[in-house]
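S.K.: One letter stands for each residue in the lines below.
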Amino acid sequence: DGGITQSPKYLFRKEGQNVTLSCEQNLNHDAMYWYRQDPGQGLRLIYYSQIVNDFQKGDIAEGYSVSREKKESFPLTVTSAQKNPTAFYLCASSRRHEATNEKLFFGSGTQLSVL
Amino acid sequence: GDSVTQMEGPVTLSEEAFLTINCTYTATGYPSLFWYVQYPGEGLQLLLKATKADDKGSNKGFEATYRKETTSFHLEKGSVQVSDSAVYFCARLGGNTPLVFGKGTRLSVIA
Chain G
1 DGGITQSPKY LFRKEGQNVT LSCEQNLNHD AMYWYRQDPG QGLRLIYYSQ
51 IVNDFQKGDI AEGYSVSREK KESFPLTVTS AQKNPTAFYL CASSRRHEAT
101 NEKLFFGSGT QLSVL
Chain E
1 GDSVTQMEGP VTLSEEAFLT INCTYTATGY PSLFWYVQYP GEGLQLLLKA
51 TKADDKGSNK GFEATYRKET TSFHLEKGSV QVSDSAVYFC ARLGGNTPLV
101 FGKGTRLSVI A
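Chains as they are written, first to last, in this note's numbering: chain G, 1 to 115; chain E, 1 to 111.
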């Protein structure tokens, strides 16, 4: 089945540690996105990528890094510089970026908590 | 910048009640408008969309009409069910930014 897969579902980070969240899609989509979800704040965009080997910062990129070496994969690293990493992280993809009627397909999310 | 404002929750309704969740957007250009739904512990799913003024999106008994004159895209359902309990997000797409979401409205439907 085609879809977008995030792993792990739950992740724990120790102080000063970097952790990487995985996001894989087999939908042949060009664009991929990372959102952070906090209670009462909705979804905020961290990074997005329109095409392989290219990505742009979203609204809250500080303390995060991404790579887009393959079309199918868009991993997110939460670095030790991110002082408040506890949140629900959602990855999404779409066929093309900025198409006026393009819908996003979402993964099932990763809950990151700090130990 | 581009933004979406939706009514704050939580909203608690009895089964078969009428639902309205308000959503307004900033009027930069002619954005496409969406409602997404998030069930507990899951990602978001597209519920419905409208791409131009006066379009009505509909799905699973939910409806929303793109109102350019009031820059609104309110979500409605005539008779909610317990299974509709979820968080609902209004979103807009247009200009140079990726999809912009509202803060979400949690709906709880009780039997």
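By construction, these hints were calculated from the structure, which means they are not laboratory data. Take these hints with a grain of salt, some might be off.
Said to hold, decoys possible - A short, non-exhaustive set of chain E residues, derived as facing chain G with CB atoms under 7 Å: (1) D2; (2) P98; (3) G102; (4) K103.
What the hints assert, rightly or not - The list that follows gives simulated cross-link-like pairs (lysine-lysine, DSSO-like), each with its CA atoms no further than 27 Å apart: (5) E:K60 / G:K103; (6) G:K103 / E:K68; (7) E:K56 / G:K103; (8) E:K103 / G:K83; (9) G:K103 / E:K52; (10) E:K56 / E:K103; (11) E:K103 / G:K103; (12) E:K103 / E:K68.
Yeah, the Cβ is synthetic: ideal placement off N, Cα and C, and Gly gets one too.
S.K.: Take the hints in turn and mark each one as holding or not.
M.R.: Tested hints:
| no. | hint | result |
| --- | --- | --- |
| 1 | D2 | 11 Å, violated |
| 2 | P98 | 5 Å, holds |
| 3 | G102 | 6 Å, holds |
| 4 | K103 | 4 Å, holds |
| 5 | E:K60 / G:K103 | 17 Å, holds |
| 6 | G:K103 / E:K68 | 21 Å, holds |
| 7 | E:K56 / G:K103 | 16 Å, holds |
| 8 | E:K103 / G:K83 | 22 Å, holds |
| 9 | G:K103 / E:K52 | 15 Å, holds |
| 10 | E:K56 / E:K103 | 22 Å, holds |
| 11 | E:K103 / G:K103 | 18 Å, holds |
| 12 | E:K103 / E:K68 | 21 Å, holds |
The earlier numbered hint that this structure contradicts is number 1, and it is the only one.
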